[in-house]
Amino acid sequence: MRPKEKITVGDVAVVFTSKEEKEKIESLVIYKVNEKDQNIIIIDVMRIIQAISREMENMEIQQVGPTQTIVEVVFERKRASLPFFIVVWLLLFIGAALAIMNFHEDVSMRAVHQRLFFILTGEQDETPLLLQVPYSIGLGLGMILFFNHVFKKRINEEPSPLEVEMFNYQQDLDRYVIINENDESVTHIDER
Amino acid sequence: MVGCGFVAFLTVLGILPRLMQLTKTMKYIQGYEWAIISGTIVGVWFSLNLVYFPLFPTLIALVGLAHGIFVGMLAAALTEVLNVFPILAKRIGIDDQLAILLMAIVLGKIVGSLFHWMYFTS
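The listed protein sequences derive, respectively, from chains A and B.
Read in order, the letters of the first sequence are residues 832 to 1023 in our numbering.
Read in order, the letters of the second sequence are residues 235 to 356 in our numbering.
Incorrect hints may have been included.
As the list claims (entries may be wrong) - To be clear about the criterion: a stretch of chain B counts as covered by chain A if any three or more of its residues have a C-beta under 8 angstroms from a C-beta of chain A, and this derived list gives those stretches:
| hint | region |
| --- | --- |
| 1 | 280-294 |
| 2 | 297-308 |
| 3 | 335-341 |
Unchecked claim - If you want the ones that stay clear, here's a sample from chain A, every Cβ over 12 angstroms from chain B, calculated:
| hint | residue |
| --- | --- |
| 4 | Glu836 |
| 5 | Val845 |
| 6 | Lys853 |
| 7 | Glu857 |
| 8 | Ile861 |
| 9 | Tyr862 |
| 10 | Gln893 |
| 11 | Pro897 |
| 12 | Thr900 |
| 13 | Val902 |
| 14 | Ile931 |
| 15 | Glu936 |
| 16 | Val964 |
| 17 | Leu1004 |
Claimed, not checked - With a cut-off of at most 25 angstroms between alpha-carbon atoms, the simulated SDA-like pairs for lysine to any residue come out as follows:
| hint | chain 1 | residue 1 | chain 2 | residue 2 |
| --- | --- | --- | --- | --- |
| 18 | B | Lys258 | A | Lys837 |
| 19 | B | Lys258 | A | Ile856 |
| 20 | A | Lys837 | A | Ile856 |
Read the hints as simulated data drawn from the structure, not as lab findings.
Computed from a predicted model, the values in this text were never measured in an experiment.
We treat Cβ as the ideally placed atom computed from N, Cα and C, and that holds for glycine.
Here chain A stands alone, though its shape is the one from the complex (with noise of 0.2 angstroms):
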């Protein structure tokens, strides 16, 4: 939505009743939106009963599905810009290389290719890059493998992880604003 816009009864909610009235309760206005709410508006379904019933008499009303819409109005796009993307692409890529390093160090895995590449073959070797070739190539693999991801494309039909985490968190932010801003849920009695 954008600011100073007119929230009808059509936009939040889907009406199954006759072809005439079907019309009239679509377009009737719930809420207008003002500067006070900034980002987020939640419309209540007591909203939109108490919409319906001033307009329309005997009208039975069954709602459907969830109780509250949560409104966004934009005020203006947010777009990364190119430069910033490249800086953080770079940060991301130097601090992964220098923490894989780093972990190698600290598990002393040095020690144990060697040592595993004396069990498998009887031979010492200072570097035993046979192993470890392999081992850094698995490495990018298996990150791939847990992400589902290659490029842009995907190996499989399922959601990443990282998608459903995502999800989680975007289903965590709509439950608090929705309890959060509503003015239907919070009434303050002792200052009436």
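Fit chain B to the known structure of chain A by using the hints.
Frame of chain A; chain B shown alone:
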């Protein structure tokens, strides 16, 4: 007791469930459990005793590859990447380019590991 901790660590990260989901081989879970147990026992044996036996180079390369894939999945499953990354991307508005940033991390790890083994330690 150490075994309990080890298995708990592996369980929490969800590597095995993820692999089973990708290959759709859920019913072989018993087999996978035995694989982990026997692999751990062989590892303990190798690290405490000095044995050796000659193997083909291809097989050794495969062992290295498998090692890398496992550690890569471990690194990907750590909470820092899995929880923080998507939230961060959504906060600063770059969530449609998430895949490219993921590639940054993956390529960084590969290049860092190669660099470490080939130049850093000489």
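Taking the hints in turn, this is what the structure says about them:
{"no.": "1", "hint": "280-294", "in the structure": "holds (count 10)"}
{"no.": "2", "hint": "297-308", "in the structure": "holds (count 12)"}
{"no.": "3", "hint": "335-341", "in the structure": "holds (count 7)"}
{"no.": "4", "hint": "Glu836", "in the structure": "23 angstroms, holds"}
{"no.": "5", "hint": "Val845", "in the structure": "28 angstroms, holds"}
{"no.": "6", "hint": "Lys853", "in the structure": "37 angstroms, holds"}
{"no.": "7", "hint": "Glu857", "in the structure": "33 angstroms, holds"}
{"no.": "8", "hint": "Ile861", "in the structure": "29 angstroms, holds"}
{"no.": "9", "hint": "Tyr862", "in the structure": "27 angstroms, holds"}
{"no.": "10", "hint": "Gln893", "in the structure": "36 angstroms, holds"}
{"no.": "11", "hint": "Pro897", "in the structure": "22 angstroms, holds"}
{"no.": "12", "hint": "Thr900", "in the structure": "21 angstroms, holds"}
{"no.": "13", "hint": "Val902", "in the structure": "19 angstroms, holds"}
{"no.": "14", "hint": "Ile931", "in the structure": "5 angstroms, violated"}
{"no.": "15", "hint": "Glu936", "in the structure": "8 angstroms, violated"}
{"no.": "16", "hint": "Val964", "in the structure": "7 angstroms, violated"}
{"no.": "17", "hint": "Leu1004", "in the structure": "9 angstroms, violated"}
{"no.": "18", "hint": "B:Lys258 <-> A:Lys837", "in the structure": "50 angstroms, violated"}
{"no.": "19", "hint": "B:Lys258 <-> A:Ile856", "in the structure": "49 angstroms, violated"}
{"no.": "20", "hint": "A:Lys837 <-> A:Ile856", "in the structure": "15 angstroms, holds"}
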